[in-house]
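Protein chains in written order, with numbering that gives the first Met the number 0: chain A, 0 to 242; chain B, 0 to 242.
Since the hints were derived computationally from the structure, they do not count as laboratory data. Errors might be hidden in some of the hints.
[Unchecked claim] Below, computed lysine to any residue pairings styled on SDA-like, alpha-carbon distance capped at 25 Å:
#	chain 1	residue 1	chain 2	residue 2
1	A	K16	B	V108
2	A	K58	A	R228
3	A	K211	A	V194
4	B	K16	A	D185
5	A	K204	B	G128
6	A	K58	B	R79
7	A	K211	B	P147
8	B	K211	B	V194
9	B	K16	A	Q107
10	A	K58	B	T54
11	A	K204	A	R241
12	A	K204	A	A190
13	B	K204	A	Y199
14	B	K58	A	L83
15	A	K204	B	Q107
16	B	K204	B	L171
17	A	K16	B	V46
18	A	K211	B	Y149
19	B	K211	A	R151
20	A	K16	B	Q107
21	A	K211	A	E179
22	A	K211	B	D185
23	A	K204	B	R101
24	A	K16	B	G128
25	A	K204	B	V108
26	B	K16	A	F172
27	B	K16	A	L230
28	B	K211	A	I17
29	A	K16	B	D185
30	B	K211	A	A112
2 protein chains.
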Amino acid sequence: MSACAALIIGNEVLSAKIVDQNGPHLIARLREHGATLTTLQVVPDDVDAIVEALTLARKRARFVITSGGVGPTHDDVTVRAVALALGRRVVRLPEMVDILQRAHAGEQVPDAALRMAEAPEGSELIAMGDTRFPVLLCDRVFLLPGVPQYFRAQLEAVLPRIPPEPVTLQVLFVDLGEPELAPILDRVALALPHVAFGSYPVFEKDAGYRVKLTVEHRLVAEVSAAVGRLLAELPGGSIVRRG
Amino acid sequence: MSACAALIIGNEVLSAKIVDQNGPHLIARLREHGATLTTLQVVPDDVDAIVEALTLARKRARFVITSGGVGPTHDDVTVRAVALALGRRVVRLPEMVDILQRAHAGEQVPDAALRMAEAPEGSELIAMGDTRFPVLLCDRVFLLPGVPQYFRAQLEAVLPRIPPEPVTLQVLFVDLGEPELAPILDRVALALPHVAFGSYPVFEKDAGYRVKLTVEHRLVAEVSAAVGRLLAELPGGSIVRRG
């Protein structure tokens, strides 16, 4: 299984100072990539909160992607929190110090900037082609920056490390209310517990259907069998459209 | 303290079938209301995942607002999961059965629709003026529907139950790089641990400043004192603008 979990770290998101762009972008890109996202948590710049959230995320997913809290200021506590959650010390990575020294073109690197070289012991760096900073990776936790343009660039270097699990999806648009639909769907879902069914009512009068039903599984054959079963159980003429 | 936590429940959000609108709306409205949001979790329609997320949320906040998973179909497991997390039985609320019966205008209410009357034992219903369904509340957990128009309407009935804690915010726009700023900010933040400082670098060349500094506290006097201290420590001329 290659399920992912996400941590969006930053007081600025929770306090409505900025609208998070990284969460929605990550959700969309993981879907396109074919990876399953099991949970997304938005947490403050607080070591305890991050440790707790990461511990939960690692229980729920093989890979974790974090966004934010990796800069040089006092509120950037992600590295420290991740190290704590992984039971690792924080060390200064020599490769990262080299990168910072090159970035400062021979001048003395300020102490605060050197904080950017800190990482959980045993971390790996994934080189980026065109931007300054590599992606930090430790125990299948990817630590990405919160600034959207950098987050997006680094995410593209992360995705190849996450094996995709393509999913087959079929959609039925049904002109039946959810209360009428519910017992049928319950029956089919109970008989096929490995298939994922979704039921999404629409409330616009002119939609032409009342519920959008989704059927998902890794295997095409399983989805076809489940759709066949639904077609057999639903009243004739209740399916308006398929997608 | 009147901190809130949020649970956005729904496979459809995590699998990118819909873009969540309720999370961003909730974040904005809580801020306007003057309540602190300590964490927001997006979780699947899965009882274990919801129980675990709610348990964490209740540790982190006095009030919890959930969105989604309260309809009549098999994937609507929020009521069952919340009851489990609160250690309460699921019961059918007589007041809710009455409402459903009125909604069905004398006709027999289908069994599936009656699932909408289920709630954790001891739940309270907050009447809504103009819409059919009241808000379900149990042990300071508010169970809201996932459909954005209903979520928004019910949220307005929830907010008066959450005592606001207005926050004073001052913003300094600083023309200093984060590495130069970091040691100063660290020093001030360490001396005033009760004040919340935020540091947000901008990367647009023409912004006219390099870092946006935020200073927050419940009391105006604390914010003024903290800003005064920053002004004293920052190099002359580095503050471009105040807001």
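Hints and how they fare:
1. A:K16 x B:V108: Not OK: K16 of chain A and V108 of chain B at ~46 Å, beyond 25 Å, violated.
2. A:K58 x A:R228: At roughly 34 Å apart (the allowed maximum being 25 Å), R228 of chain A and K58 of chain A break the hint.
3. A:K211 x A:V194: 16 Å, holds
4. B:K16 x A:D185: 21 Å, holds
5. A:K204 x B:G128: 23 Å, holds
6. A:K58 x B:R79: 22 Å, holds
7. A:K211 x B:P147: 16 Å, holds
8. B:K211 x B:V194: 16 Å, holds
9. B:K16 x A:Q107: Answer violated: K16 of chain B to Q107 of chain A is near 49 Å, above 25 Å.
10. A:K58 x B:T54: Holds: K58 of chain A and T54 of chain B sit about 15 Å apart, inside 25 Å.
11. A:K204 x A:R241: It holds: about 19 Å lies between the C-alpha atoms, which stays within 25 Å.
12. A:K204 x A:A190: 32 Å, violated
13. B:K204 x A:Y199: The hint is violated at about 45 Å.
14. B:K58 x A:L83: Given pair K58 of chain B, L83 of chain A holds - Cα atoms ~20 Å apart, limit 25 Å.
15. A:K204 x B:Q107: 24 Å, holds
16. B:K204 x B:L171: Distance ~18 Å between K204 of chain B and L171 of chain B Cα, so the pair holds.
17. A:K16 x B:V46: Distance of about 32 Å is beyond 25 Å: violated.
18. A:K211 x B:Y149: Holds - the C-alpha atoms of Y149 of chain B and K211 of chain A are around 18 Å apart, at most 25 Å.
19. B:K211 x A:R151: 22 Å, holds
20. A:K16 x B:Q107: Not OK: K16 of chain A and Q107 of chain B at ~49 Å, beyond 25 Å, violated.
21. A:K211 x A:E179: At roughly 14 Å apart (the allowed maximum being 25 Å), E179 of chain A and K211 of chain A satisfy the hint.
22. A:K211 x B:D185: The hint is violated at about 52 Å.
23. A:K204 x B:R101: 22 Å, holds
24. A:K16 x B:G128: 32 Å, violated
25. A:K204 x B:V108: 22 Å, holds
26. B:K16 x A:F172: OK: K16 of chain B and F172 of chain A at ~15 Å, within 25 Å.
27. B:K16 x A:L230: 22 Å, holds
28. B:K211 x A:I17: Cα-Cα ~12 Å, so holds.
29. A:K16 x B:D185: 21 Å, holds
30. B:K211 x A:A112: The hint holds at about 18 Å.
Hint violations for this structure: numbers 1, 2, 9, 12, 13, 17, 20, 22, 24, all remaining hints satisfied.
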